[in-house]
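Single-letter residue listing:
Protein chains: 2
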Amino acid sequence: MSETNRQWLLHARPVGMVKESDFELRTSPMPKPGDGQVLVRTRWLAFEPAMRGWMVDRPNYIPPVGIGEVMRGMAVGEVVESNLDGYAPGDRVSGMLGWQEWALGDGALRKLPEGTDPRLALSVLGLTGITAYFGLLEVGQLKEGDVVVISGAAGATGSVAGQIAKRKGCRVVGIAGGAEKCSWLTDKAGFDAAIDYKNEDVGARLSELCPDGIDVFFDNVGGPILDEVLARIARGARVVICGAISRYNEEEAPPGPRNYYRIVAQRARMEGFVVIDFLARAAEAAAELTKWVAEGSIVWEADVQKGFENAPRTLQRLYTGANFGKQLLEL
Amino acid sequence: MSETNRQWLLHARPVGMVKESDFELRTSPMPKPGDGQVLVRTRWLAFEPAMRGWMVDRPNYIPPVGIGEVMRGMAVGEVVESNLDGYAPGDRVSGMLGWQEWALGDGALRKLPEGTDPRLALSVLGLTGITAYFGLLEVGQLKEGDVVVISGAAGATGSVAGQIAKRKGCRVVGIAGGAEKCSWLTDKAGFDAAIDYKNEDVGARLSELCPDGIDVFFDNVGGPILDEVLARIARGARVVICGAISRYNEEEAPPGPRNYYRIVAQRARMEGFVVIDFLARAAEAAAELTKWVAEGSIVWEADVQKGFENAPRTLQRLYTGANFGKQLLEL
Chain E
1 MSETNRQWLL HARPVGMVKE SDFELRTSPM PKPGDGQVLV RTRWLAFEPA MRGWMVDRPN
61 YIPPVGIGEV MRGMAVGEVV ESNLDGYAPG DRVSGMLGWQ EWALGDGALR KLPEGTDPRL
121 ALSVLGLTGI TAYFGLLEVG QLKEGDVVVI SGAAGATGSV AGQIAKRKGC RVVGIAGGAE
181 KCSWLTDKAG FDAAIDYKNE DVGARLSELC PDGIDVFFDN VGGPILDEVL ARIARGARVV
241 ICGAISRYNE EEAPPGPRNY YRIVAQRARM EGFVVIDFLA RAAEAAAELT KWVAEGSIVW
301 EADVQKGFEN APRTLQRLYT GANFGKQLLE L
Chain L
1001 MSETNRQWLL HARPVGMVKE SDFELRTSPM PKPGDGQVLV RTRWLAFEPA MRGWMVDRPN
1061 YIPPVGIGEV MRGMAVGEVV ESNLDGYAPG DRVSGMLGWQ EWALGDGALR KLPEGTDPRL
1121 ALSVLGLTGI TAYFGLLEVG QLKEGDVVVI SGAAGATGSV AGQIAKRKGC RVVGIAGGAE
1181 KCSWLTDKAG FDAAIDYKNE DVGARLSELC PDGIDVFFDN VGGPILDEVL ARIARGARVV
1241 ICGAISRYNE EEAPPGPRNY YRIVAQRARM EGFVVIDFLA RAAEAAAELT KWVAEGSIVW
1301 EADVQKGFEN APRTLQRLYT GANFGKQLLE L
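Those sequence lines, one after another, are chains E and L.
Just so you know, the working numbering puts 149 at position 149 of the first sequence, and the rest follows in order with no gaps.
Going from the second sequence to the working numbering is simple: count from 1 and add 1000.
Hint data in this document are derived by calculation from the structure and do not stem from the laboratory.
On a predicted model such as this, the values are computed, not experimentally measured, just so you know.
For each residue, glycine too, the CB sits at the ideal point set by N, CA and C.
Where hints are given, some of them may not hold.
Example chain E residues on the side facing chain L (calculated, C-beta under 10 Å, incomplete) [what the hints assert, rightly or not]:
(1) Gly-90
(2) Arg-267
(3) Phe-273
(4) Gln-316
Covered by chain E, according to a simulated footprint, are these stretches of chain L (three or more residues, beta-carbon under 8 Å) [claimed, not checked]:
(5) 1048-1062
(6) 1069-1075
(7) 1117-1123
(8) 1238-1248
(9) 1271-1277
Which residues of chain E face chain L? A partial, calculated answer using Cβ under 7 Å [to be verified]:
(10) Ala-179
(11) Ile-241
(12) Ala-253
Isolated chain E (complex conformation) (with noise of 0.2 Å):
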């Protein structure tokens, strides 16, 4: 067992798009165990868009990451020493170790079953794979022959979303960024349709795919995108606010949705939800994505860095959009 831990901590506060300078990589000593707790060996870390909102103190879902602390992040990681009944050395587990080589955990680690792929675990089986489920099923009310649009839709959380909207008997079109990540929505994925944001006119892709207008619209990127959709809802529409990967670098907020006010006219609602106030009825979500996972009938992809080094350049990734699907690093 190495003497030392290394943790990658907050170091300011980003300003625009998070540089590597905004994080300091510390050497400290091995943490040791108490009462009721257990020594993890992080293996897996990551990353989620959300983070840069967790590194600026404005209001938000939760507290930000103080200044000269270990930056927070799920990961998955292997018990080493346990105080804790429950948890043997070996079991793997996943939970906010954060950005740290070694990290002290509690009960509210989550241990995982023999044999899950800890890939899985840190998407399609965890936050990922729950925020989408009950984003689209609970807060969009999805309905079987609902038109669905999804933004980011090669992205971890927007790739299960379509799945998801496939099985429950949806007509499905993703929006994600080049040839490449289209071709796998509708290659791979089961999508209806792709609209490449890069290379075509998404409002005019839209009109054509979705001629009676969208039904449920699962948004993971905001700006000039949400608008086109807001364009074209049709009656009665749900705008489930998942994420807007759009302005999270942006220092002042961008301008809103122009076309919001299409809600009226369509009797339509926007509703925004945080995964935490659905995490009683995981289990739930769980169940079902198991199944399907083990049939193969959800298909998924991760973009895996390795080095625990490089937790900083991994994270930018996710807004460079140069990560194909849940975006990882393996230590």
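Given the coordinates of chain E, work out where chain L should sit on it, guided by the hints.
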């Protein structure tokens, strides 16, 4: 009985602020009621901000008024001749008679109970009151104890909405333009507080008056006021989009609410509605509103202009904020 009818036709689709020249005054022959029709002499015209939207050919909840057609509008009139069972000369009726001195009507006309004040029939006890009632209670899911903010609060719909919220046990803050309207809100209409957007810092005042956030926002205005409210919504807030008078005379849709993304962290929603969807339940609203009016516990104002030739100028008053209370024209 005069031999001719005067009608205001839509002459041109307005560009920017609605102008008198967008209408044309025409003298035409008196209409003759056919079988199942009544001839009605128009006595009062009612004006709604939404009428600007009926004049342009853009997607909306009803088709636009055609060029050369009589301008659409709610009115109260008196039956002069009847070929329709249940309607007799002398009956007072309300309905979409349009901007004309004489109109033909059918069973869609509502007979007013004996002694009904036509100003009330066209405001608190008409579509205006029904809009406020269902917008707040159904769309806004109003609960006792909610902190409610209303924009356009001294307007016909806003003032009724605020008074309904007070009767349902809420704390109510109104936003209106000018000291006179604000005093009326607090001194006469029973609002807990009023913000004069023309002379006060709306954001600062909202922070002061709603330190724990805003549970329900009933928005008639849009624009910067919507943003100031979104910045201060409480967890689970309902933002009811009833109107957006700040936008109606703009040729290009102005930027949308840059703070829309607050609905995510606050698990809130923005929802639009059209009163038409609630007409089947109008009696529910009317019963409660009639009771409150009879008790004298709902106060209301009407801005009464006179003379049929002034219809276009009367409509303009809504967009300059010249009116105080329901905008009416007495013929």
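Structure versus earlier hints - violations, ascending order = 1, 4, 6, 7, 10
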